[in-house]
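Undergrad: These protein sequence lines are chains A and B, in that order. Using this note's numbering, read the first sequence as starting at 1 and increasing by one per residue. Using this note's numbering, read the second sequence as starting at 1 and increasing by one per residue.
What the hints contain is simulated information worked out from the structure, not anything from laboratory work. Every residue gets a Cβ at the ideal spot worked out from N, C-alpha and C, and that includes glycine. There are no misleading hints in this set.
Now the stretches of chain B that chain A is said to cover, found in silico as 3 or more residues with beta-carbon under 8 Å:
{"no.": "1", "segment": "39-46"}
{"no.": "2", "segment": "82-96"}
In silico DSSO-like cross-links for lysine-lysine, where the CA-CA straight-line distance does not exceed 30 Å:
{"no.": "3", "chain 1": "B", "residue 1": "K57", "chain 2": "A", "residue 2": "K73"}
{"no.": "4", "chain 1": "B", "residue 1": "K11", "chain 2": "B", "residue 2": "K57"}
{"no.": "5", "chain 1": "A", "residue 1": "K114", "chain 2": "A", "residue 2": "K16"}
{"no.": "6", "chain 1": "B", "residue 1": "K71", "chain 2": "B", "residue 2": "K11"}
{"no.": "7", "chain 1": "B", "residue 1": "K71", "chain 2": "B", "residue 2": "K57"}
{"no.": "8", "chain 1": "B", "residue 1": "K57", "chain 2": "A", "residue 2": "K3"}
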Amino acid sequence: AQKITQTQPGMFVQEKEAVTLDCTYDTSDQSYGLFWYKQPSSGEMIFLIYQGSYDEQNATEGRYSLNFQKARKSANLVISASQLGDSAMYFCAMREGLVNNDMRFGAGTRLTVKP
Amino acid sequence: DTGVSQDPRHKITKRGQNVTFRCDPISEHNRLYWYRQTLGQGPEFLTYFQNEAQLEKSRLLSDRFSAERPKGSFSTLEIQRTEQGDSAMYLCASTPGVWNYGYTFGSGTRLTVV
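Start from the sequences and build out the full structure, keeping to the hints where you can.
TA: Shown next, in the form of structure tokens:
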């Protein structure tokens, strides 16, 4: 069963605007971690931000913030002040349990920033 | 530290041939993961190691696939009798044993089976 769902295959945003990339997840574990990665056309996966299931505050890293709604099982990525270099694939991922298990990824969202 | 290194970057092989990929993780990372990514999809988990022990293998990893991590350092992923369906990007990642630490990925090896 698909554990991570990203419903937006592609998104467009105007430069300097904010954009939200959606992610919903499915787990029966109480302890889990949610991650977002960026994959530019060069192919390398770049870790952006992490949110733990017990974290009470939404995670932020520079222009990236994670809108974590635990009851709805959603972990949307918000990118503020978009830049042309933000154009890339974005993947949401989840790691379940307290043991350092493997990470499962969604299908991704392709973000295009328009000048 | 130069990050996670993968070699080769690209590999073209004929169907039926064997191929081997190498991954050198960040030296202080004890966990190493292999993923496969096809065009337009997210990475799919294949297997992972803690030090030299292979702790989990995905159902995706058929008998033609084998991975090793001798001495808990670099890792190799071998595919025997390659098939066209094996064409994909093979990604390696490493992480220390810290729960909230994201993986550091290498640039991947793109395999094309012709």
